[in-house]
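All chains, full assembly: derive it from the sequences and hints.
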Amino acid sequence: MSARIVRARTTSSTLVVAAMLVVTVVVTAVVAVGAWIVLSAVSGDRVASHDDATAAPSVSTILVPAEIEAGEPVSVAITSEMASGIVEVHATSGLGRLSFRVRLSNGTGRLDLPPAVTQHAGVLSITAGDVTEQLSIVPSEVAEVVAPLVGPRTIVADGADTTLAVIFPVDRFGNQVANGTNVVVEWQQPSAQGTTEQLTTVTTQTTDGMAFDLLTSGEVAGPTIARTIATTQDGEQINGAAIRIDEVPGTVSDIEISASALSGFADGRALIEIESTELFDTFDNRLADGTVGHFVFDGPSGFGVVAGTVQNGVFSVELVSPDKPGTLTGHVELHGRVSNEISVEFESAISGFEATLSQVGTDTVLRIDVALDPTGAFVADGTEVVWGEYRTQIRLGAAEIRLPAGASPESTAPIEILGTEVRPMRAEQRPMGASQ
Amino acid sequence: MTFTHKAILLIIVAFVGAIALALGAHTVVETGRGADFSEVFNEPARTADTDAELTWFEGEPLLRSLEPQTIEAIEFAWTRALSAVDNAAGDGDTTGVDIWFSGPAQDQVHELLATNAVVGSGAWTSHDITPNFYSIDGQILVTNIERTGAFTDEVRVVFILRDGNWRVEHLVRTA
Numbered sequence: 001m002s003a004r005i006v007r008a009r010t011t012s013s014t015l016v017v018a019a020m021l022v023v024t025v026v027v028t029a030v031v032a033v034g035a036w037i038v039l040s041a042v043s044g045d046r047v048a049s050h051d052d053a054t055a056a057p058s059v060s061t062i063l064v065p066a067e068i069e070a071g072e073p074v075s076v077a078i079t080s081e082m083a084s085g086i087v088e089v090h091a092t093s094g095l096g097r098l099s100f101r102v103r104l105s106n107g108t109g110r111l112d113l114p115p116a117v118t119q120h121a122g123v124l125s126i127t128a129g130d131v132t133e134q135l136s137i138v139p140s141e142v143a144e145v146v147a148p149l150v151g152p153r154t155i156v157a158d159g160a161d162t163t164l165a166v167i168f169p170v171d172r173f174g175n176q177v178a179n180g181t182n183v184v185v186e187w188q189q190p191s192a193q194g195t196t197e198q199l200t201t202v203t204t205q206t207t208d209g210m211a212f213d214l215l216t217s218g219e220v221a222g223p224t225i226a227r228t229i230a231t232t233q234d235g236e237q238i239n240g241a242a243i244r245i246d247e248v249p250g251t252v253s254d255i256e257i258s259a260s261a262l263s264g265f266a267d268g269r270a271l272i273e274i275e276s277t278e279l280f281d282t283f284d285n286r287l288a289d290g291t292v293g294h295f296v297f298d299g300p301s302g303f304g305v306v307a308g309t310v311q312n313g314v315f316s317v318e319l320v321s322p323d324k325p326g327t328l329t330g331h332v333e334l335h336g337r338v339s340n341e342i343s344v345e346f347e348s349a350i351s352g353f354e355a356t357l358s359q360v361g362t363d364t365v366l367r368i369d370v371a372l373d374p375t376g377a378f379v380a381d382g383t384e385v386v387w388g389e390y391r392t393q394i395r396l397g398a399a400e401i402r403l404p405a406g407a408s409p410e411s412t413a414p415i416e417i418l419g420t421e422v423r424p425m426r427a428e429q430r431p432m433g434a435s436q
Numbered sequence: 437m438t439f440t441h442k443a444i445l446l447i448i449v450a451f452v453g454a455i456a457l458a459l460g461a462h463t464v465v466e467t468g469r470g471a472d473f474s475e476v477f478n479e480p481a482r483t484a485d486t487d488a489e490l491t492w493f494e495g496e497p498l499l500r501s502l503e504p505q506t507i508e509a510i511e512f513a514w515t516r517a518l519s520a521v522d523n524a525a526g527d528g529d530t531t532g533v534d535i536w537f538s539g540p541a542q543d544q545v546h547e548l549l550a551t552n553a554v555v556g557s558g559a560w561t562s563h564d565i566t567p568n569f570y571s572i573d574g575q576i577l578v579t580n581i582e583r584t585g586a587f588t589d590e591v592r593v594v595f596i597l598r599d600g601n602w603r604v605e606h607l608v609r610t611a
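Top line first, the protein sequences correspond to chains A and B.
Numbering of the first sequence is given in the working numbering, commencing with residue 1 and proceeding in unit increments.
Numbering of the second sequence is given in the working numbering, commencing with residue 437 and proceeding in unit increments.
Now the stretches of chain B that chain A is said to cover, found in silico as 3 or more residues with beta-carbon under 8 angstroms:
| id | segment |
| --- | --- |
| 1 | 533–544 |
| 2 | 552–561 |
| 3 | 582–595 |
What the hints contain is simulated information worked out from the structure, not anything from laboratory work.
Idealized CB from N, CA, C, for every residue including glycine.
Right under this line is the structure:
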């Protein structure tokens with residue numbers, strides 16, 4: 001009895017487990033499918049609809065006008081052998097492919113193309129099933145002349161350089177206008193003072209949506225203004241924005257320079273100004289401010305190059321006098337042209353000094369005293385004193401070099417100040433701490 | 437553990453297993469399609485065909501000779517512009533449209549995208565490019581491009597060099 005009860009209980013438990021397993025499998029399958037659907041929707045895939053599951057009806061004809069003007073409303077008529085269903089209609093423009101769904105009723109359907117499609121000029125292909133028709137959308141009347149694109153913006157006023165103005169007239173939807181639209185380009189160029197401005201007017205027509213005109217520079221430097229005007233079929237003028245370009249002076253024709261002084265003192269500090277006469281190009285246009293040139297020289301301190309600029313038509317540069325006496329010779333190079341040569345004589349900036357070498361305790365001391373310039377004044381503070389490998393600076397006409405114990409400089413080595421050399425005299429040896 | 441507890445545990449394990457199975461299957465499918473693993477759940481529906489062949493042909497005599505680096509830059513800009521339309525159609529991100537289009541063409545792309553009907557720029561396998569105008573300052577290039585994919589068409593494209601990038605300023609389908 002108990003065995004039967006146990007068997008009965010075992011059998012019913014097994015049935016319960018089996019049932020639960022079946023339920024679990026069904027539920028998990030539903031969950032898995034649901035999860036797949038959710039994930040696919042998150043990643044953007046279109047969920048198949050009930051309509052897709054049915055066969056798409058075949059399309060017999062697509063009726064669409066052959067040509068419209070941009071912005072005109074357009075309805076596309078679809079006919080099919082099937083009375084009802086959903087037809088997928090594709091419209092292909094230059095910028096992209098669009099997809100629409102049209103419901104058939106009694107074998108016909110209608111698609112009103114959105115304005116964003118019909119406002120864009122070009123060839124539009126309408127496809128449904130195996131049928132394709134073309135709709136040509138032509139631009140409407142010119143409504144705007146977009147500011148001309150002119151480049152380069154700077155040309156040389158030499159009568160040969162060129163710049164180009166490119167014009168894209170558009171209709172009210174931004175479409176390039178039809179071929180043959182009249183465009184006028186006006187160039188207002190600078191003229192020599194006292195004469196009337198040069199105005200050139202060129203009439204051209206658009207081809208492939210654009211017009212262009214090439215301008216050759218004049219011989220007078222200054223601003224040039226480019227204006228464009230498009231004309232509608234009714235003769236209305238549509239003005240574009242004015243654009244400025246600059247006709248700039250060409251290369252310098254001749255350079256003549258001079259120095260503010262033909263002589264000076266070689267003190268390594270004084271400034272000499274090198275200046276040119278007023279500079280012009282071949283067509284008498286004064287050189288533009290900021291034009292860079294270089295003064296190239298050779299002198300007592302060696303070879304050098306100093307950059308300068310043109311301001312108010314004059315090139316100038318400041319030259320620091322060398323720290324050794326001698327002759328400095330140089331010229332200016334600008335735009336590849338070379339000026340005349342100039343020379344400046346630099347005399348010694350020091351008339352003399354005393355140099356004594358003495359022992360103070362264990363130290364060796366070199367003392368410079370009474371360093372005077374040719375005017376009898378002390379040589380400027382900061383003037384360098386060179387003694388072999390040792391250096392110091394003058395202060396109040398004197399300087400001192402104190403060498404540590406054990407150092408044994410060559411006592412016969414000259415001391416140099418501003419290119420002048422003097423050999424030190426040996427003074428009597430003094431005990432450390434003794435006043436001089 | 438009682439029998440009831442075991443049954444409940446079994447149901448929970450089965451639930452978790454089903455979720456994991458769905459996740460794993462989706463990952464395998466998406467990565468098998470070439471998607472980056474980190475973007476498996478976040479990729480756009482379509483990507484542009486940047487493997488298309490681009491060939492240049494000689495057209496009208498140009499005012500300025502076309503530099504090799506300009507050719508490369510135009511190819512880059514053109515393929516990126518088409519990709520931008522595809523990406524915008526897929527996930528609504530119009531960043532690329534604002535980069536690779538300018539002027540009227542940019543406005544027109546935005547207007548088309550606003551219809552929510554754009555499915556892409558087209559699956560093109562080749563682009564035959566013929567330059568017809570190149571300005572003397574090298575900033576404006578007008579080309580005819582014959583595109584081949586499921587069908588063939590022709591577009592006239594005006595590229596303008598703005599802020600360091602070539603951008604599509606005008607685009608008209610001519611055939």
